[in-house]
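Engineer: Here is how the chains run, residue by residue.
Number of protein chains: 2
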Amino acid sequence: MKNYDVIIIGGGHAGIEASLASARMGAETLLITQNLDHIGQMSCNPAIGGIAKGHVVREIDAMGGEMGQNTDASALQFKMLNSSRGPAVWSPRAQCDKVLYQRRMKQQLEKTPKLHTHQAEGLSFVTEKGKVIAVQTQFGDKFEAKAFVLCCGTFMRGLMHFGPQQLPGGRTGDTAADAISDSLKNDLGLELMRLKTGTPPRVLAKTIDFDQLERQDGESGKFSYWTRDKAYETIDRGGIPQMPCYIGRTSAETKRVITENLHLSPMYNGSIDAIGTRYCPSIEDKIHRFADKDSHQIFLEPEGVFTEEYYLNGISTSLPVHVQNQIVHSIPGLENAEIARYAYAVEYDVVSPHQTLNSLALKPWPNLFVAGQINGTSGYEEAAGQGLIAGANAAGLVAGKPPLVLERDQAYIGVMIDDLVTKDISEPYRLFTSRAEYRLLLRQDNADRRLSKIAYDYGLLPYEKYKIIEEKETLINNEIERLKNERSHGKSLWEHLSSHKNTYDSVVGESDFSEEIKEQIQIDARYECYIQREKQQVERQKRLAKNPIPEEIDYLNMTGLSNEARNKLSRYRPVDLGQAARIDGVTPAEIGLIQVHIKRWEESQKIKA
Amino acid sequence: MKNYDVIIIGGGHAGIEASLASARMGAETLLITQNLDHIGQMSCNPAIGGIAKGHVVREIDAMGGEMGQNTDASALQFKMLNSSRGPAVWSPRAQCDKVLYQRRMKQQLEKTPKLHTHQAEGLSFVTEKGKVIAVQTQFGDKFEAKAFVLCCGTFMRGLMHFGPQQLPGGRTGDTAADAISDSLKNDLGLELMRLKTGTPPRVLAKTIDFDQLERQDGESGKFSYWTRDKAYETIDRGGIPQMPCYIGRTSAETKRVITENLHLSPMYNGSIDAIGTRYCPSIEDKIHRFADKDSHQIFLEPEGVFTEEYYLNGISTSLPVHVQNQIVHSIPGLENAEIARYAYAVEYDVVSPHQTLNSLALKPWPNLFVAGQINGTSGYEEAAGQGLIAGANAAGLVAGKPPLVLERDQAYIGVMIDDLVTKDISEPYRLFTSRAEYRLLLRQDNADRRLSKIAYDYGLLPYEKYKIIEEKETLINNEIERLKNERSHGKSLWEHLSSHKNTYDSVVGESDFSEEIKEQIQIDARYECYIQREKQQVERQKRLAKNPIPEEIDYLNMTGLSNEARNKLSRYRPVDLGQAARIDGVTPAEIGLIQVHIKRWEESQKIKA
Ligand SMILES: Cc1cc2nc3c(=O)[nH]c(=O)nc-3n(C[C@H](O)[C@H](O)[C@H](O)COP(=O)(O)OP(=O)(O)OC[C@H]3O[C@@H](n4cnc5c(N)ncnc54)[C@H](O)[C@@H]3O)c2cc1C
Ligand SMILES: Cc1cc2nc3c(=O)[nH]c(=O)nc-3n(C[C@H](O)[C@H](O)[C@H](O)COP(=O)(O)OP(=O)(O)OC[C@H]3O[C@@H](n4cnc5c(N)ncnc54)[C@H](O)[C@@H]3O)c2cc1C
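One line per chain: the protein sequences are A and B, in this order. Take 1 as the starting number for the first sequence in full-length UniProt numbering and just add one per residue. Take 1 as the starting number for the second sequence in full-length UniProt numbering and just add one per residue.
For reference, chain A alone in the conformation it holds in the complex:
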């Protein structure tokens, strides 16, 4: 049997980026997944990106990941959300051909040197001297490696709910992965928790009355920084055409049906113990919580070119199937719609993330990394972002590199992981721009400028790619320099450009720069003072973070802490004061206390030595 450096378990969105990152860093990498045909399957929405999620896709792309290019190559339509607002919240989003996305992704993995794909279910870990040394599969194979990344998504003890019907499974069409969950608990002693998520019904095109719906076409745009020379229209998508989405609304009848049947929802009658996401609520949640609203918007999204199924974005539900039929038929345009697949909710095990480091290694098992939905997040992009970091760190560990940790001022991925490991999760975690303190730094348009160097330095991005960004950066900086020095009407060109009335073209006139570079300069000029302010905040935060917290600090016996702070600090064990300060329920006064405590402890150590 081959000797692997890194083994990834689970070929979802997290496992994909983890596998690619690891192999691209030169580690002999094995991906074990239950069904090769389901690599990169979109369990829910056939769409990538959106608010804050689009930022993450750009970040993954900037660091050499695949999600952006794969989305571009399978897009049915592209949209820049929030484009009427400030650049910090612009968010790219694409509707994809679900099957093309999957197939192309599978092939990317298969083609990648040093990456080996193997169909099997991982059942349990074998440990030796505090390290994980092997994973055992259903076929009795025992694969050894130096580091492992676990990316089981919604599959660990997955249980699907269709109203009162319960079926074991990771999602429809896939069996659950129960054994690995037992192994985490029993062999590795990890604490697991239970979360849930849901998906709406799919209906058949020929039964939809599109005339009653509002048509929404896409625009030109794309995710990847690496195909900048290719227009959206010229990307090779195997000839698939562009497709519109449609907008509809629920009616008073929808509200009535749901209100009358609410007691049948497993979320409301107690059959699901797990906690669902507040941010992707089911239609019964929405009707229940926003009782004053008469109608909710829904999007009808095509699932692909070779299917007549439409995804009903907005009516995720776990109500019984007969109620689902009534809900669908109550929506104007869907009076005669036929449900091809019913909506359902799925409950699954999560590795409680207080056991995890920012590198995504587990605190008690330093060569086992966790990424994706099993860390308590929800969403393909969140999963992929974690996968990239976990895969890089697994390969980094094998190569003897220090961990790769993105900071909160460097990437949404950093914000997300830091949130996960410092905040109690009580529902699936989803990214929002509001989760970031430094939104003007973390824009979707500058992910390459923020992250490509980091990725290149860590070995994730080849020099040919990094060079492009390096050259772009030089061009931008030189031009900014020039604009600051050249003056007209008593002000520098830079000052002119900082006015919202002006554009680069109006200030400079004709130039050789690409639209991309002009846009960067313009944003830098316009938002300079806000950006500067955020940078100062970052500095302050960094100074705080410079104070590492020794592992030996004992919160339980520290006087002056509230019980909540004491418990959370013991649970999360923050690595520095910055992280401690971000824990919900820990006050600035308590941070001061801890700081004093650390000083005292350090002095006592000196005396001992």
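None of these hints come from the bench; they were simulated from the model. Every residue gets a Cβ at the ideal spot worked out from N, C-alpha and C, and that includes glycine. Each hint should be verified, as a subset may be incorrect.
Unchecked claim - Beta-carbon label-pair distances, calculated as ranges: (1) Ser251(B) - Thr234(A): 46 to 52 Å; (2) Glu144(B) - Gln166(A): 23 to 29 Å; (3) Ser251(B) - Glu144(A): 45 to 51 Å; (4) Asp554(A) - Pro164(B): 47 to 53 Å; (5) Asn186(A) - Pro164(B): 52 to 58 Å; (6) Pro332(B) - Asp182(A): 39 to 45 Å; (7) Asn477(A) - Pro332(B): 55 to 61 Å.
Claimed, not checked - Cross-link-like lysine to aspartate or glutamate pairs, in silico, EDC-like; alpha carbons within 20 Å at most: (8) Lys2(A) - Asp211(B); (9) Lys114(B) - Glu28(A); (10) Lys465(A) - Glu481(A); (11) Lys111(B) - Asp209(A); (12) Lys2(B) - Glu338(A); (13) Lys2(B) - Asp209(A); (14) Lys111(B) - Glu473(A); (15) Lys2(A) - Glu335(B); (16) Lys111(A) - Glu338(B); (17) Lys2(A) - Asp187(B); (18) Lys142(A) - Glu338(B); (19) Lys2(B) - Glu335(A); (20) Lys114(B) - Asp141(A); (21) Lys114(A) - Asp209(B); (22) Lys114(A) - Glu28(B); (23) Lys111(A) - Asp211(B); (24) Lys111(A) - Asp209(B); (25) Lys114(A) - Glu335(B); (26) Lys2(A) - Asp141(A); (27) Lys111(B) - Glu335(A); (28) Lys111(A) - Glu28(B); (29) Lys206(B) - Glu335(A); (30) Lys114(B) - Glu338(A); (31) Lys111(B) - Asp211(A); (32) Lys453(A) - Glu473(A); (33) Lys206(A) - Glu28(B); (34) Lys608(A) - Glu552(A); (35) Lys142(B) - Glu338(A).
Here the structure of chain A is known, so what remains is to put chain B with the ligands in place on it, guided by the hints.
Structural biologist: Same frame as chain A, now just chain B with the ligands:
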């Protein structure tokens, strides 16, 4: 809930043609299948057609089915097998892009008017007064209809074997369907039996040394009669390119590995009770049975454009996975090959076909039809052919039409179904040209001339299509008439043409006829006397079949029959003397006996009346 005419359970190759046939005949048709994404999945080989199977695809196509066109639209390469031999055994075969085949087929169903696709597992049948009236699904839905077609493939109590490892499942990636099997036994009182089939491992392209293999390219050709104006090269396949296959051979080392490990095969150590197919044997079967052969040929077939997986045609096995690795590595060119998916065998329940009529209705349940692998066959084409007949008959029953039964002299599909219902099955049934008595009548090139009228008359084929064949037939007949009347050198042109030295062109010279028509005329002329002889045999057989056997005939008390004949006749209950004569173990003398017995019975009835 909608009122359906016909409900099909199972969206494999049988269920697909059944659904389409039923809906095209105007019946409101519901297809219930476990996973919509797996409609038309090729569980094994990514290829359609081959010896005798290619004939069936042509027959399906001639009758308005979809398999031929779908194959053409997803073909990676086409070949006419046996083209150096006589026209009776020419057999078209195409390698397909597995995923494209599936996706396109799914969409064909979704687009078909009156056909409704629904994702669910059918659990049990509800009966009333000797009729099936509804099927119940896992979601608690109870769908009613006037006729049902069951097409569960390898899924009923499916059990997969990877050496000693046993996993329940219909095939990898799909759960088994156990409940419906229980319902057949317990609710419907049917007799089930157990069969098995197997599939080889898939290996990754980047680990194959193609230089050690022999490359095989395809040729120009296609299945469908309905795209005759389109050249192979111009069929829309979404831009997928053509791909070669490769030929390799097992080595002495392969033989050694298998011989040493034979005791580990569940087929040899008794862990599989079911019976496998002699015609698609596993590699251990081949090594065991042909012990004198040093080496066996294998074909490496691409699984599609968007995958690097290759199918190892020829080494299907259920040996343990570590032995599979050794087998693969013993093949020159595969020394370093990595297995992405292991080979396995699957065992499943079959509805013993002696309970089935030639219409594919079940004798005790006249509105429940069965088609495909659950009738004991193996192969996509065999399944699809049955599906078409079962679907047509289900819709025909609802419309009050007499059953559509293809005779042994009309179609391979007829031969197959008649074999199934008259012969004891002890292994999965596969079609061969040798199974047909009238091979010169049942050619792959004349399926349209044989079957389009039958399909049109039954309502399966629209007039626009039938008209094309009608016109072709007229052209052929008029031309044959002319050739018979026109003379040169003392012989009619027809007589000249009957010589194997001549071709239509050499005899007639320039003409306006298409190659297709010229080929038909040439074959008709060359093989006229053989064709005539077969037609006479058909007539004799028909005279025998004119003697229907009354249902009341009691074989158990008929003197003069051998025990074997008595048992088989009671079991199969042939509908006429022709069918009785085809039952294995029933002699011509016994047929005479039965004939006398019938006469006597009829006279006794007359007296009674
Ligand atoms: C019903 C449903 C509804 C959802 N709704 C939403 C939504 O509304 N919004 C949203 O943002 N997200 C939603 N999601 C979540 C989204 O699908 C996930 O966030 C995303 O797919 C997570 O990616 P992942 O890589 O972590 O795991 P997954 O995509 O779940 O992939 C896990 C992979 O690991 C494999 N695997 C698991 N265990 C093993 C094992 N032991 N051995 C080998 N392989 C294994 C599985 O086969 C699978 O391929 C939904 C998911 C489901 C199932
Ligand atoms: C491992 C393996 C190896 C094989 N090897 C060969 C080979 O070497 N040569 C060869 O010619 N053939 C082979 N076959 C057989 C070939 O796949 C079948 O002959 C063909 O697919 C049969 O078509 P079908 O329509 O009868 O059933 P299938 O293609 O098996 O389709 C059955 C469908 O019904 C659905 N279904 C089943 N039960 C239910 C239910 N209760 N409710 C709803 N849906 C249901 C399933 O999900 C599936 O979609 C192999 C099959 C397998 C699994």
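Engineer: Does each hint fit the structure? Answer for all of them.
Structural biologist: Results of checking the hints against the structure:
1. Ser251(B) - Thr234(A): 46 to 52 Å: Between Ser251(B) and Thr234(A), where Cβ atoms are some 48 Å apart, the hint holds.
2. Glu144(B) - Gln166(A): 23 to 29 Å: Holds - the Cβ-Cβ distance for Glu144(B) and Gln166(A), about 26 Å, lies within 23 to 29 Å.
3. Ser251(B) - Glu144(A): 45 to 51 Å: Distance hint for Ser251(B), Glu144(A) is violated at roughly 29 Å.
4. Asp554(A) - Pro164(B): 47 to 53 Å: holds (52 Å)
5. Asn186(A) - Pro164(B): 52 to 58 Å: violated (24 Å)
6. Pro332(B) - Asp182(A): 39 to 45 Å: holds (43 Å)
7. Asn477(A) - Pro332(B): 55 to 61 Å: holds (58 Å)
8. Lys2(A) - Asp211(B): violated (24 Å)
9. Lys114(B) - Glu28(A): Violated, at roughly 52 Å.
10. Lys465(A) - Glu481(A): violated (25 Å)
11. Lys111(B) - Asp209(A): The hint holds at about 15 Å.
12. Lys2(B) - Glu338(A): holds (10 Å)
13. Lys2(B) - Asp209(A): The hint holds at about 18 Å.
14. Lys111(B) - Glu473(A): Status violated; Cα separation ~51 Å.
15. Lys2(A) - Glu335(B): Distance of about 13 Å is within 20 Å: holds.
16. Lys111(A) - Glu338(B): holds (13 Å)
17. Lys2(A) - Asp187(B): At roughly 52 Å apart (the allowed maximum being 20 Å), Asp187(B) and Lys2(A) break the hint.
18. Lys142(A) - Glu338(B): holds (16 Å)
19. Lys2(B) - Glu335(A): Holds, at about 13 Å.
20. Lys114(B) - Asp141(A): violated (49 Å)
21. Lys114(A) - Asp209(B): Holds - the C-alpha atoms of Asp209(B) and Lys114(A) are around 16 Å apart, at most 20 Å.
22. Lys114(A) - Glu28(B): Outside the cut-off at roughly 52 Å; violated.
23. Lys111(A) - Asp211(B): Roughly 19 Å between the alpha carbons, so the hint for Lys111(A) and Asp211(B) holds.
24. Lys111(A) - Asp209(B): Holds: Lys111(A) and Asp209(B) sit about 15 Å apart, inside 20 Å.
25. Lys114(A) - Glu335(B): It holds: about 17 Å lies between the C-alpha atoms, which stays within 20 Å.
26. Lys2(A) - Asp141(A): Roughly 11 Å between the alpha carbons, so the hint for Lys2(A) and Asp141(A) holds.
27. Lys111(B) - Glu335(A): Holds: Lys111(B) and Glu335(A) sit about 19 Å apart, inside 20 Å.
28. Lys111(A) - Glu28(B): violated (46 Å)
29. Lys206(B) - Glu335(A): Measuring from Cα to Cα gives roughly 51 Å; hence the hint is violated.
30. Lys114(B) - Glu338(A): holds (12 Å)
31. Lys111(B) - Asp211(A): Measuring from Cα to Cα gives roughly 19 Å; hence the hint holds.
32. Lys453(A) - Glu473(A): Holds. Lys453(A) to Glu473(A) sits at ~11 Å (cutoff 20 Å).
33. Lys206(A) - Glu28(B): Within the cut-off at roughly 14 Å; holds.
34. Lys608(A) - Glu552(A): Since the Cα atoms of Lys608(A) and Glu552(A) sit roughly 15 Å apart, the hinted pair holds (cutoff 20 Å).
35. Lys142(B) - Glu338(A): Holds: Lys142(B) and Glu338(A) sit about 16 Å apart, inside 20 Å.
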